[in-house]
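Chemist: This is what each chain is made of:
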Amino acid sequence: MPSRDGRRAGRSPMAAPRSFLWTRRVVLTLLAGFVLLPVYVMISSSLKPLQDVSGKFRWIPRGLTVQPYVDIWDTVPLARYFVNSLIVAGAATVCSVVIAVFAAYAVSRYGFRGKRVFTVTVLSTQMFPGILFLLPLFLIFVNIGNSTGVALYGSRGGLILTYLTFSLPFSIWMLIGYFDSIPRDLDEAAMVDGCGPLRALFRVVVPAAVPGIVAVSVYAFMTAWGEVLFASVMTNDATRTLAVGLQGYATQNDVYWNQAMAASLVVSVPVVAGFLLLQRYLVAGLTAGAVK
Amino acid sequence: MTATVTTDPGTGKQARGTTRGSGGARRGIPRIPDRIRRGGLPYLLLLPAVLLELLIHLIPMVVGIVMSFRQLTQFFIGNWGAAPWTGLENYEIAVDFDAPIGEALLHSFFVTCVFTFFAVGLAWLFGVTAAIMLQESFRGRGFLRTLFLVPYALPVYAAVITWAFMFQRDNGLVNHVLHDQLGITDQPSFWLIGDNSIYALIVVSVWKGWPFAFLMLMAALQNIPRELYEAAAIDGAGVWQQIRRITMPSLRPVNQVLVLVLFLWTFNDFNTPYVLFGKAAPAGADLISIHIYQSSFVTWNFGTGSAMSVLLLLFLLVVTAVYLFLTSRGRKGSHA
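Top to bottom, those sequences are chains A and B.
Residue 1 is where the first sequence starts when you use this note's numbering, and the numbers rise one by one after that.
Residue 1001 is where the second sequence starts when you use this note's numbering, and the numbers rise one by one after that.
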């Protein structure tokens, strides 16, 4: 059954030769297996008792138990890490998206001096090694804390500031592409009707760009939720996020692999579910922003 | 934020109707000609983004370069301005390849190059293959497309911890398959320590990285006009020829950016080795980011660590410039 996708793009409707169909079948099966292997290990091992994950690996679990899902909350303070990650990633996402919307609107709708310098600089910061500004940023945060009393090092605030700049360049880039695809006539008409530029942005451009904004939000949340390097340096016991906290199951002398798998699954659910629900928007946003 | 709101009503006659209460605020600020104020709005909109980029990326980068010329040990962490200047000493230590520190850095650099070559190559290959195979619609295509994006959606640490479990010597899946079931190895191998660790690192990195290549290439494939394929089919070109003659050349501009982005991300990767190996990365998989992190935070010698970071940045800049020069020239050549 040909879908709309099939009519819009793709190779000729001419029947593909057998060699191609078989290659496709084999290649896609292998790739699917590669992708699914850790997912299967994660799910099946999270339901095994400890002695089963400590001995030889078994494809088919001998007995199933949900005990690991109960124990994960006591072995490490997972709930606290979870809340920290939610606060940090949520705040970073909201701030990053709002700032990116303003910046992308300026670039998309106005001509001004330094526009090119801005876009190139912002994009190139994305390329620099995190390790390069980790050490100075660590020192800057420590020194700001010593001299002004504003605790950025070890606090959620410092992490939020850091993470929101991580997703900012790509978000701005993607939203510029998205805003460019919205006809200027729309916001110009609104301004003729007496809206200021900002009102035109929020009343006309933002509603028309919802798919792009959703895509950018998903991206920003995933970036903040998964970051490890800065989380490992910039947090303390009270503000630790999942990225660091999850290693509590695996780096001690006793390795609770079943709990590590259960916890991995639990912390993945919010992002994977969100991503899979909204992936349509993300692909559309990428198409509008990236492929130019 | 407040600044943008108060400026807004003053931007011009059209804005008069925006807010009822704007009259008072308008009288409060000095009158600036509308022309200039309108010109200022884009800068105002960019201000938060610029400030944050300055605070988190650009200023730290400058500070990092300054730090690399100082003897910055743990005694000066709280007051790094007091650390003594040492000129190029940190750089001399970093590139003295006969001494242990320089030798280790050089080794780490080579390991990173080998790792990046295979990880990027395989991630791209998997991505382009999957994108082309899913170009035409068939039953199950939507499902596979979603499935292939799962590694991209999973948080790095959750995925890598699972791989770390699979690579365990005694209770992992990999040795169970290779040793117990297939009998390929005489002994169960160590994957996370020793020389094998680089294979483990490449496998995990490819698993995590290829869906991004797939996503970008899939988006690019949707922009190839269908008429090209129809014309080729009329001329008698088969599927394989269409892929070679139409699909691959059309992907070239996307590939140019994609390979560069994958290279930079993979070369700088910290998360994967850090979660896979824990604090002690084996020498065989001592990636450059991990190496700099360790030499800075384990020895608390931030000066040398900064010098290494600056050298890494210079290397990446040179590679990027050469790459862009070569690929753009190649593209121009093919048009001529």
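Be careful, since some hints might not be right.
Said to hold, decoys possible - A few chain A residues that don't get close to chain B, going by computed Cβ distances all over 10 angstroms: (1) THR65; (2) ALA106; (3) VAL150; (4) LEU242.
What the hints assert, rightly or not - Label pairs and their in silico Cβ distance ranges: (5) B:PRO1253 <-> A:SER54: 48 to 58 angstroms; (6) A:THR29 <-> B:GLN1181: 16 to 26 angstroms; (7) B:ALA1280 <-> A:ALA151: 39 to 49 angstroms; (8) B:ARG1169 <-> A:GLY114: 24 to 34 angstroms; (9) B:PRO1100 <-> A:TYR110: 25 to 35 angstroms; (10) B:VAL1298 <-> A:ARG62: 40 to 50 angstroms; (11) A:ASP193 <-> B:PRO1253: 37 to 47 angstroms; (12) B:ASN1223 <-> A:LEU64: 42 to 52 angstroms; (13) B:GLN1187 <-> A:PRO17: 13 to 23 angstroms.
To be verified - Stretch-level coverage of chain B by chain A, calculated; a stretch enters the list once three of its residues show a Cβ under 8 angstroms from a Cβ in chain A: (14) 1047-1059; (15) 1101-1115; (16) 1160-1173; (17) 1183-1193; (18) 1296-1305; (19) 1313-1326.
In case anyone wonders, no lab produced these hints; they're calculated from the structure.
Heads up, the beta-carbon is just placed ideally off N, CA and C, and yes, glycines get one too.
Chemist: Now tell me, hint by hint, if it's right for this structure.
Modeler: Status of each hint after checking the structure:
no.	hint	result
1	THR65	17 angstroms, holds
2	ALA106	4 angstroms, violated
3	VAL150	12 angstroms, holds
4	LEU242	7 angstroms, violated
5	B:PRO1253 <-> A:SER54: 48 to 58 angstroms	51 angstroms, holds
6	A:THR29 <-> B:GLN1181: 16 to 26 angstroms	19 angstroms, holds
7	B:ALA1280 <-> A:ALA151: 39 to 49 angstroms	31 angstroms, violated
8	B:ARG1169 <-> A:GLY114: 24 to 34 angstroms	57 angstroms, violated
9	B:PRO1100 <-> A:TYR110: 25 to 35 angstroms	55 angstroms, violated
10	B:VAL1298 <-> A:ARG62: 40 to 50 angstroms	42 angstroms, holds
11	A:ASP193 <-> B:PRO1253: 37 to 47 angstroms	40 angstroms, holds
12	B:ASN1223 <-> A:LEU64: 42 to 52 angstroms	47 angstroms, holds
13	B:GLN1187 <-> A:PRO17: 13 to 23 angstroms	46 angstroms, violated
14	1047-1059	holds (count 10)
15	1101-1115	violated (count 0)
16	1160-1173	holds (count 11)
17	1183-1193	violated (count 0)
18	1296-1305	holds (count 4)
19	1313-1326	holds (count 3)
The structure fails to meet hints 2, 4, 7, 8, 9, 13, 15 and 17 from the earlier list, while all remaining hints are met.
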